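Engineer: With the hints as constraints, model all of the structure from the sequences given.
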Amino acid sequence: MKAGTKLPNVVFHTRVRDESIEGSNPFRWQDMSTEDYFKGKRVVLFSLPGAFTPTCSTYQLPGFENGFADFAAQGIDEIFCMSVNDSFVMNKWATDQKLENVKVIPDGSGEFTRRMGMLVRKDNLGFGLRSWRYAAIVNDGVIEAWFEEPGLSDNHGEDPYGVSSPETVMNWLVEANQATAA
1 MKAGTKLPNV VFHTRVRDES IEGSNPFRWQ DMSTEDYFKG KRVVLFSLPG AFTPTCSTYQ
61 LPGFENGFAD FAAQGIDEIF CMSVNDSFVM NKWATDQKLE NVKVIPDGSG EFTRRMGMLV
121 RKDNLGFGLR SWRYAAIVND GVIEAWFEEP GLSDNHGEDP YGVSSPETVM NWLVEANQAT
181 AA
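Residue numbering for the sequence shown follows the UniProt record's numbering, beginning at 1 and increasing consecutively.
No lab work stands behind these hints, which were simulated from the structure alone. These numbers come from a predicted model, not from an experiment. Watch out, some of these pointers could steer you wrong.
As the list claims (entries may be wrong) - Derived pair list, reagent style DMTMM-like, types lysine to aspartate or glutamate, alpha-carbon separation capped at 25 Å: (1) K39 <-> E148; (2) K41 <-> E158; (3) K92 <-> D36; (4) K2 <-> E35; (5) K41 <-> E78; (6) K103 <-> D31; (7) K2 <-> E100; (8) K98 <-> D123; (9) K6 <-> D31; (10) K98 <-> D154.
Structural biologist: Have a look at this one:
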């Protein structure tokens, strides 16, 4: 993926809280499209191998969550975390992580990730098909900047992390905004 590339248009099957539903499971299905998430906004999208996994839960997701105000100050409207996990898993992970700022997008079938060219096999870890770790600045559905971890391949022996970190993305935003202001 490169700057200037339009995001693939897919439908995500999400579960959203609905207070009109009584009982212990007040959620309903709601399909959301790529356009629903990205149209008319400048966002950070980051994708990772899996909810509840160590690097994702300890560094990447909390870093974006805790840095949201700084990202907003750099012109970011929203931050989205995507994973090849279903909506039940992503919603539970969001609750477990006490998210208030980052919104999760479930790519349960991996269709968006596949069309982004980032779907990899992680059979060596017992995960099956998952996303390679990356981040992007997306402006109105078009990639403005791309941050892909090195070594994209099936059954990679490591889980590289750094290029798609909140710090790296923030540094790019600060530099881009300074260059625009100059």
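Engineer: Would the hint linking K2 and E35 be met if the CA-CA limit is 25 Å?
Structural biologist: holds (19 Å)
Engineer: Would you check the hint for K98 and D123, treating anything up to 25 Å between C-alpha atoms as holding?
Structural biologist: Not satisfied, since the Cα-Cα distance of roughly 30 Å exceeds 25 Å.
Engineer: Between K41 and E78, is the straight-line Cα distance small enough, at 25 Å or below?
Structural biologist: holds (8 Å)
Engineer: Would you mind confirming whether the straight-line C-alpha gap from K98 to D154 stays at or under 25 Å?
Structural biologist: Given that 25 Å is the threshold and the Cα spacing comes to 32 Å, the pair is violated.
Engineer: Decide if the proposed pair is consistent with the structure: K92 and D36, CA atoms, cutoff 25 Å inclusive.
Structural biologist: It holds: about 22 Å lies between the C-alpha atoms, which stays within 25 Å.
Engineer: When you check the alpha-carbon spacing of K6 and D31, does it fall within 25 Å?
Structural biologist: holds (20 Å)
Engineer: Going straight from one Cα to the other, do K103 and D31 come out at no more than 25 Å?
Structural biologist: holds (15 Å)
Engineer: Mind checking the alpha carbons of K2 and E100 for me, to see if they're no more than 25 Å apart?
Structural biologist: The given pair, whose Cα atoms are some 30 Å apart, is violated under the 25 Å limit.
Engineer: Keeping to a limit of 25 Å between CA atoms, is the pair of K41 and E158 held or broken?
Structural biologist: violated (34 Å)
Engineer: Please work out if K39 and E148 have their alpha carbons no farther apart than 25 Å.
Structural biologist: Distance of about 23 Å is within 25 Å: holds.
This entry does not satisfy hints 2, 7, 8 and 10, going by the numbered hints stated previously.
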